[in-house]
Amino acid sequence: MFVLHAVFLGQHRFVINYSDDEPLSRLHLFAGLFTFGLVPLWLAARAAARIPPVTSLSIILVVFGAVSLAAILTSPTRSQDLNLNLLLAKGFTAYGMNPYQTAPLMLQKDPWSPPSLSWSGQPMTHGPVWVLLLASITACTYSLRMAFVLVKLTALVALAAGGIFLWKIMALQGRAVGDRTGVLAILAWNPFVLQTALVDAHNDVLILVAILASYLCFLTRRYRLSIMALMLGGFVKFALWPLMLVPVAYLVKERGMHRGAVCAAVLLLSGAVLASALYAPFGLSAKNFAGLTEEVMERGWTSFYWPGTALLGSLPWMGIVQIRVAGLLMGLLVLGMCIRWDRPLLGYTLPYAVMLFFGSPSFHPWYGLWVAPLASLLIAPAALLILSVPLIVDELAPRWALWIVTFGLLAIFGVTRLVRSRRPASAGG
9 MFVLHAVFLG
19 QHRFVINYSD
29 DEPLSRLHLF
39 AGLFTFGLVP
49 LWLAARAAAR
59 IPPVTSLSII
69 LVVFGAVSLA
79 AILTSPTRSQ
89 DLNLNLLLAK
99 GFTAYGMNPY
109 QTAPLMLQKD
119 PWSPPSLSWS
129 GQPMTHGPVW
139 VLLLASITAC
149 TYSLRMAFVL
159 VKLTALVALA
169 AGGIFLWKIM
179 ALQGRAVGDR
189 TGVLAILAWN
199 PFVLQTALVD
209 AHNDVLILVA
219 ILASYLCFLT
229 RRYRLSIMAL
239 MLGGFVKFAL
249 WPLMLVPVAY
259 LVKERGMHRG
269 AVCAAVLLLS
279 GAVLASALYA
289 PFGLSAKNFA
299 GLTEEVMERG
309 WTSFYWPGTA
319 LLGSLPWMGI
329 VQIRVAGLLM
339 GLLVLGMCIR
349 WDRPLLGYTL
359 PYAVMLFFGS
369 PSFHPWYGLW
379 VAPLASLLIA
389 PAALLILSVP
399 LIVDELAPRW
409 ALWIVTFGLL
419 AIFGVTRLVR
429 SRRPASAGG
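Residues 9 to 437 in the numbering used here are what the sequence shown spells out, letter by letter.
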């Protein structure tokens, strides 16, 4: 894992130059080596279920801690998001510039400005919880490297909290300790999780925690806390808010239409008050949503399309906005079906999987953090690892070859499982 982690730095073009004209560029080589790391990870997860729980947990935590240390000391390699967000946060704390109305280009003379500004004209797109968190860090240090470390330590705490929540969820489901350690190993050692959560420190790790905290409260029938967890997470990324429909529906079902509706209305009113308080440092203005509007209305590239999005995008009347709206409607339809059929775990995972697969013109691998933890409770470990492949090597071209490999591996795994499940029946017959 240490070797593969170091090798994976070569995936980013700013670390090692590569040429797509080469028969086998270093980008392909490093990404391929890192993906092959999933094989020993799968074997380790299977072994974790067969050895004493204390031993397996100790091994998982020691390895995770060691790799986490390497990740925290490594600057972001696949994304400029953290760098740009810290730059805008510093603009707020050092120069009094509103990050929601300031573009990184306006701060290009600051020492924290990266040498290459990919999104130089776009203001902050994320919610105020994320901005205030970064502002509290930029107010404490003048060192960009120290700011990176502080954000990554926050991400590590969030990831650890997510692991605790997931462990408690599995315990409530009655899973054996061996099964729980296997799931934990697959997530804690997964290259995709380590890269997106700790190396690049995307704020999606906070979304991961919000979803797991909400589902844990949901399982214990604390629906109001479940709603509040999602509401607070939505102030990091607003896309989380549709998921509140799940605990709201069960709150209404438990308390009756009248009392449930009153509780939901009080919670929504509390959310409006919270929004006013969180946005107060930046002013209550529609201009604060300029970056988000640009993100939704204009950002999209065919090279980032997943197969479902490419299918919709092939229709002549489907532009970026239309694809996003179609994906949202499909996700909400799936969410309604999960609520209707009393499948809350599916309701917490499948709608986002549908939205991201069909309705994301600018898909990025870190979105997978929204789905992966709870998806590990629904699908086999080997299938989860196979689905990690497109999240690790998403930059490789041609894209169609990547998906042929992914779906091919899933088909082989499915056929193998089917054959194995029929053997005992045949033997018994």
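Simulated from the structure, these hints should not be mistaken for laboratory data.
Some hints could be false.
As the list claims (entries may be wrong) - Between beta-carbon pairs, the in silico distance windows are:
| # | residue 1 | residue 2 | range |
| --- | --- | --- | --- |
| 1 | S128 | Y150 | 32 to 42 Å |
| 2 | C148 | F246 | 36 to 46 Å |
| 3 | Y103 | L340 | 32 to 42 Å |
| 4 | G129 | G327 | 34 to 44 Å |
What the hints assert, rightly or not - In silico EDC-like cross-links for lysine to aspartate or glutamate, where the CA-CA straight-line distance does not exceed 20 Å:
| # | residue 1 | residue 2 |
| --- | --- | --- |
| 5 | K176 | D187 |
| 6 | K117 | D89 |
| 7 | K295 | E306 |
| 8 | K261 | D350 |
Note that the coordinates shown come from a computational prediction; the quantities given were computed from them, not determined experimentally.
All C-beta atoms, glycine included, are put in the ideal place defined by N, C-alpha and C.
* To do: Would you list, in rising numerical order, the hints stated earlier that this structure does not obey?
  => Hints 1, 2, 4 are the ones this structure does not satisfy, whereas the remaining hints hold.
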